[in-house]
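**Student:** Sequence:
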Amino acid sequence: EDGEDYVEAGDGDDEVNGYDGVGGAYTYYPVAGIKTIHGGNGNDFLVGGSAGDVLYGDEGNDQLYGRGGNDILSGGPGADYLNGGPGDDTYYVSDIHDVIEDVSGTDTAYVATSFVKIPSSIEKVIYTDGAQSLPYWVDALLPDEAAGNAFESLLGSAHTYFYTFPTSLPTYDTNYNHGLGFKPFTSTQMARAEAALSYVSSVIDVHFQKTYNPGVLNTFVFANNDQPSSAGSGNFPSDYMIGSDLYFDNSSLNATFADRTYGALTLIHELGHGLGLEHPFSHAQAGSSSVSDPPYLTGTEESTAWTVMSYNDAPAQYYLSFSPLDIAALQYIYGPSKTSRTGNDTYKVSATEPNFIWDGAGVDTLDASTLNQGAALYLTPGYWGYVGNNKATNITAAGQVTVNFGSAIENLTGSSFADKLYGNELDNQMSGGMGNDWLEGWAGDDTLVGGQGDDQLQGGSGIDTALFSGAYASYTFANTSSTFTVKDKRANADGIDVLTSVERLKFSDKSVAIDLDGNAGIVVKVIGAVLGSEAVKIPG
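Residue numbering for the sequence shown follows my numbering, starting at 144 and increasing by one per position.
Be a bit skeptical, because a hint or two may be false.
Said to hold, decoys possible - Derived Cβ-Cβ restraints for the label pairs, each shown as a range:
{"#": "1", "residue 1": "251", "residue 2": "403", "range": "33 to 41 Å"}
{"#": "2", "residue 1": "324", "residue 2": "300", "range": "37 to 45 Å"}
{"#": "3", "residue 1": "300", "residue 2": "652", "range": "44 to 52 Å"}
{"#": "4", "residue 1": "532", "residue 2": "324", "range": "55 to 63 Å"}
{"#": "5", "residue 1": "296", "residue 2": "334", "range": "25 to 33 Å"}
{"#": "6", "residue 1": "624", "residue 2": "268", "range": "31 to 39 Å"}
{"#": "7", "residue 1": "588", "residue 2": "624", "range": "22 to 30 Å"}
{"#": "8", "residue 1": "300", "residue 2": "536", "range": "36 to 44 Å"}
{"#": "9", "residue 1": "496", "residue 2": "652", "range": "38 to 46 Å"}
{"#": "10", "residue 1": "588", "residue 2": "268", "range": "33 to 41 Å"}
For the record, the hints were derived by calculation from the structure and aren't laboratory data.
Each residue gets a CB set at the ideal place from its N, CA and C atoms; glycine is no exception.
Input sequences plus hints: build the corresponding full structure.
**Tutor:** Written out as structure tokens, the structure is:
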């Protein structure tokens with residue numbers, strides 16, 4: 144009813160102010176007054192009124208519609224759809240799968256989870272609880288439709304697209320231009336298209352299955368037609384039949400899609416669209432007045448050397464291969480291929496080239512030991528590391544380092560200089576080498592080796608171990624309420640290491656478990672000569 148209402152829906156799949164049981168369709172009742180609605184557990188459908196409402200989806204995959212007024216929408220845990228409607232709305236995003244749709248007003252999103260794709264229609268984005276924004280080099284290649292990992296969600300757990308080479312325009316396609324000069328692919332074109340799909344599966348976690356029925360969702364259609372002002376056109380993935388349909392101009396340039404021809408670039412470019420990549424520039428695209436969603440790449444990064452979605456092309460990219468930023472963006476959507484780079488691989492950090500690290504499986508190492516200067520390196524995907532004292536302006540500059548989304552790198556080796564090394568959620572083996580290093584394990588049960596120099600070792604969550612090269616008797620110990628200091632009495636050895644949130648010390652002859660309480664008391668238990676049961680005095 145009209146007035147200020149409060150609704151606590153409770154557990155279950157609820158519909159509040161939304162369902163017409165007689166007509167069998169959703170009806171938006173013209174009620175007035177502020178509504179505060181809690182969906183509770185379950186997949187809920189909540190609709191506000193014409194005033195500024197407060198909608199909480201709570202747990203579950205919820206749909207929240209604010210309608211009129213300046214609304215507050217909070218999806219809570221789960222993959223939620225949030226639509227504030229007209230007005231200056233505020234959104235609270237706590238899941239990477241949350242989708243915001245809002246086309247009017249001046250809107251704000253408070254984002255409490257890292258690396259979320261926020262649509263460009265949201266004017267103000269505020270990151271909370273230490274959340275990190277999506278890297279610009281990924282964001283610039285994803286359209287607003289990619290928000291909430293929508294493209295990957297279309298495929299389900301199988302991660303399978305279909306593909307087909309129709310002999311006539313599919314019956315569902317009512318676009319007049321698609322039928323102009325329609326011609327099916329030749330056998331040569333088909334072979335090259337299948338080669339391109341095989342390449343895609345070697346880079347991202349997507350499979351392709353041939354079908355003769357274009358009227359199936361998640362199907363790539365390959366065909367030719369007449370395009371007066373473009374070499375090709377492609378649709379983003381969609382829950383409509385036209386999703387991922389690709390058309391190529393009846394031009395000699397597209398006759399074979401052979402390597403070292405512009406046609407090869409056209410084919411891989413349109414495949415990028417079909418997989419969910421947009422153009423990285425702000426001007427209108429060929430054959431259309433539409434413009435890509437911001438943000439955009441600028442300068443030298445807006446070229447095919449870094450993304451085949453650019454129009455600034457060079458013959459070096461006339462092959463069926465994506466460029467580094469394309470791979471980074473596609474692996475954000477789908478993850479890396481699980482059939483490539485599956486061994487126990489070591490990735491050497493380069494100071495003269497950018498480093499885009501990705502891996503399919505195995506126990507892997509990021510290795511900076513050959514550098515002639517220190518580095519800041521992260522194993523967690525999405526972070527921006529660098530060789531030297533400061534990161535560059537662009538991720539594509541020499542010595543920049545990032546691990547692509549979906550890749551799990553277990554181990555990290557620093558240089559002989561002062562490094563800053565950061566782990567991930569796995570059980571990391573991290574070694575600082577020489578120099579005064581800073582090591583943070585983050586989540587997982589990590590092993591931290593400061594090496595020579597005076598090092599800072601922070602374990603993070605988990606049961607973490609600091610590893611030392613000498614026998615227990617070679618060290619002295621001191622502690623405060625929050626740190627534990629281990630000093631090597633030997634010259635030019637392990638130096639003085641300050642430990643935080645580290646639970647185990649491992650020496651060449653024994654291991655020690657330590658626990659610091661709030662009163663600076665310390666309990667020490669020798670796990671033994673390495674892992675035995677011998678008792679020992681408290682270090683002092």
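**Student:** Hint by hint, say whether it matches the structure.
**Tutor:** Going through the hints against the structure:
| no. | hint | verdict |
| --- | --- | --- |
| 1 | 251 to 403: 33 to 41 Å | violated, 50 Å |
| 2 | 324 to 300: 37 to 45 Å | holds, 39 Å |
| 3 | 300 to 652: 44 to 52 Å | holds, 49 Å |
| 4 | 532 to 324: 55 to 63 Å | holds, 58 Å |
| 5 | 296 to 334: 25 to 33 Å | holds, 31 Å |
| 6 | 624 to 268: 31 to 39 Å | holds, 38 Å |
| 7 | 588 to 624: 22 to 30 Å | holds, 24 Å |
| 8 | 300 to 536: 36 to 44 Å | holds, 39 Å |
| 9 | 496 to 652: 38 to 46 Å | holds, 43 Å |
| 10 | 588 to 268: 33 to 41 Å | holds, 35 Å |
Violated hint for the displayed structure: number 1, the only one.
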